[in-house]
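Undergrad: Next come the chains, spelled out residue by residue.
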Amino acid sequence: VSVARTEPEYVRAEVQRALAADPMLAELGVEIAVSETAIELRGSVATEERRAHALELVGRLFPDRVVRDALRVPELEAPTESEAVR
Amino acid sequence: MIRIAAVGDLHLGPDGFDAWAHALGPVSEQADLLLLAGDLTRRGTYEEGELVVRLLERVRIPIFAVLGNHDHEADRGEELAQLLASAGVAVLEGTYVTTELHGTTVGVAGAKGFGGGFAGACGSEFGEREMKAFIAHTRDRADALGRALAALDCDVRIALLHYAPVDATLHGERREIYPFLGSYLLAEAIDGAGADLVVHGHAHAGVEKGATPAGIPVRNVAQPVIRAAYRLFCFGEPADAREAEACALVAPSR
Numbered sequence: 001v002s003v004a005r006t007e008p009e010y011v012r013a014e015v016q017r018a019l020a021a022d023p024m025l026a027e028l029g030v031e032i033a034v035s036e037t038a039i040e041l042r043g044s045v046a047t048e049e050r051r052a053h054a055l056e057l058v059g060r061l062f063p064d065r066v067v068r069d070a071l072r073v074p075e076l077e078a079p080t081e082s083e084a085v086r
Numbered sequence: 001m002i003r004i005a006a007v008g009d010l011h012l013g014p015d016g017f018d019a020w021a022h023a024l025g026p027v028s029e030q031a032d033l034l035l036l037a038g039d040l041t042r043r044g045t046y047e048e049g050e051l052v053v054r055l056l057e058r059v060r061i062p063i064f065a066v067l068g069n070h071d072h073e074a075d076r077g078e079e080l081a082q083l084l085a086s087a088g089v090a091v092l093e094g095t096y097v098t099t100e101l102h103g104t105t106v107g108v109a110g111a112k113g114f115g116g117g118f119a120g121a122c123g124s125e126f127g128e129r130e131m132k133a134f135i136a137h138t139r140d141r142a143d144a145l146g147r148a149l150a151a152l153d154c155d156v157r158i159a160l161l162h163y164a165p166v167d168a169t170l171h172g173e174r175r176e177i178y179p180f181l182g183s184y185l186l187a188e189a190i191d192g193a194g195a196d197l198v199v200h201g202h203a204h205a206g207v208e209k210g211a212t213p214a215g216i217p218v219r220n221v222a223q224p225v226i227r228a229a230y231r232l233f234c235f236g237e238p239a240d241a242r243e244a245e246a247c248a249l250v251a252p253s254r
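Heads up: the sequence lines are chains A and B, in that order.
According to this note's numbering, the first sequence holds residues 1 to 86 in order.
According to this note's numbering, the second sequence holds residues 1 to 254 in order.
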């Protein structure tokens, strides 16, 4: 196994590249935390489908690490208030 | 009184279409104008552009937009802009558009903007040609935005961007990536020309409210930040109780 596949810093970079390159995700804004045994994804993605896809993708890339889900899908409703600018 | 809705970073794909269609439903009743602050698509493909057109077809108020970096990923930004324009969306890039709403003239100058960082921690046009090109692009877009804003002779003037013009709306993002999230050159151009409001997106982990050094309110309307389909901004006094209710006023703030 190459160093690039095991060192947390390189694993983190590889996950970042994979999330950006995946056509369903094109995701640049996910925060990635890597330990010796786990990868945690944090931040927001637009849909539940993308959340599930991101977790599945990372699990497939690094099957030897547990993938933890700290992602959120932001609420998407019309607002109930407004701001007076001037 | 006029009401302006604004949102950025829809990142629309087939999986998000129904939720967006539902969430944008009330916008034509709640607002007089819709501003889109870039990243309408995930990767800027023609198919995603068609999806955006289908989504916006249901909106019955004028729509002014800028593109974002995701809309350029497939290197078809111009085609995407034309597609949106054919559907009636004014896509701004160093340009402006004006409209009259309830007797108030509104001008919106827009540009995608670009990165480079903020004063004291920013790139400069120095060294390799790639580095010069990076900052020169930001400067060029900032200058175009400034000229477009300066040309506006309207009651309400708004600057519409994708990238952030100030770092105040980036708090929550990692500081290391600030230079990829915006540039002070954009704020400098806006302060030079003047505006009533600046709207941007791009910084998903940032905060909503900031101001330029000259005190112009800056609002980060990236969808993950506002956690709503759009933000509403009111200008002018409500004409009657009904308007006042329609614009449940939140105290002016920076």
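Everything labelled a hint here was simulated from the structure, so no lab data went into it.
Ideal placement from N, C-alpha and C gives every residue a C-beta, glycine not left out.
Take the hints with a grain of salt, since some may be wrong.
[Unchecked claim] If you want the footprint, here are the derived chain B segments under chain A, 3+ residues with CB under 8 Å: (1) 77-90; (2) 113-120; (3) 132-140.
[As the list claims (entries may be wrong)] Computed far set for chain B versus chain A, every beta-carbon distance over 12 Å: (4) T45; (5) R147; (6) A229.
[Unchecked claim] Here are the simulated distance ranges between beta carbons: (7) A:A38 to B:F17: 49 to 57 Å; (8) A:R72 to B:E57: 27 to 35 Å; (9) A:D64 to B:G120: 25 to 33 Å; (10) A:R72 to B:G120: 53 to 61 Å; (11) A:R42 to B:E57: 33 to 41 Å; (12) A:T37 to B:G127: 27 to 35 Å; (13) B:S28 to A:Q16: 48 to 56 Å; (14) B:E57 to A:V66: 38 to 46 Å; (15) B:F17 to A:P8: 19 to 27 Å; (16) A:E75 to B:R242: 41 to 49 Å.
Undergrad: Compare the structure with each hint and give your call.
TA: Evaluated hints:
1. A count of 0 residues in the segment 77-90 of chain B with a Cβ less than 8 Å from any Cβ of chain A is obtained; the coverage claim is therefore unmet, three being the minimum.
2. Against chain A, the segment 113-120 of chain B contributes 0 residues with a C-beta closer than 8 Å to a partner C-beta. That does not satisfy the three-residue criterion, and the hint is violated.
3. Counting residues of the segment 132-140 of chain B whose beta-carbon sits less than 8 Å from any beta-carbon of chain A gives 0, not enough to reach three: the coverage restraint is violated.
4. The claim that B:T45 lies off the interface is violated: its Cβ sits roughly 9 Å from the closest Cβ of chain A, which falls inside the 12 Å cut-off.
5. Separation of B:R147 from chain A is adequate, the least Cβ-Cβ distance of about 23 Å exceeding the 12 Å criterion.
6. With a minimum CB-CB distance of about 5 Å to chain A, B:A229 fails to clear the 12 Å threshold, and the non-interface call is violated.
7. The hinted range of 49 to 57 Å is not satisfied by A:A38 and B:F17, whose Cβ atoms lie roughly 34 Å apart.
8. Between A:R72 and B:E57 the beta carbon distance is about 30 Å. The supplied range of 27 to 35 Å therefore holds.
9. Under the hint 25 to 33 Å, the C-beta atoms of A:D64 and B:G120, about 43 Å apart, miss the expected range.
10. Between A:R72 and B:G120, the C-beta spacing of about 33 Å breaks the proposed range 53 to 61 Å.
11. Range check, A:R42 to B:E57: about 36 Å between beta-carbon atoms, so the 33 to 41 Å window is met.
12. Taking 27 to 35 Å as the suggested C-beta distance range, the pair A:T37 and B:G127 does not conform, at roughly 42 Å.
13. For the pair B:S28 and A:Q16, the beta carbons lie near 39 Å from each other, so the given range of 48 to 56 Å is not met.
14. Distance hint for B:E57 and A:V66: a CB-CB separation of about 44 Å, consistent with the stated range 38 to 46 Å.
15. Checked against the given bound of 19 to 27 Å, the beta carbons of B:F17 and A:P8, roughly 37 Å apart, lie outside it.
16. Evaluation of the 41 to 49 Å hint for A:E75 and B:R242 yields a failure: the beta carbon distance comes to about 28 Å.
Taken one by one, the earlier hints fail for this structure at numbers 1, 2, 3, 4, 6, 7, 9, 10, 12, 13, 15 and 16, listed in ascending order.
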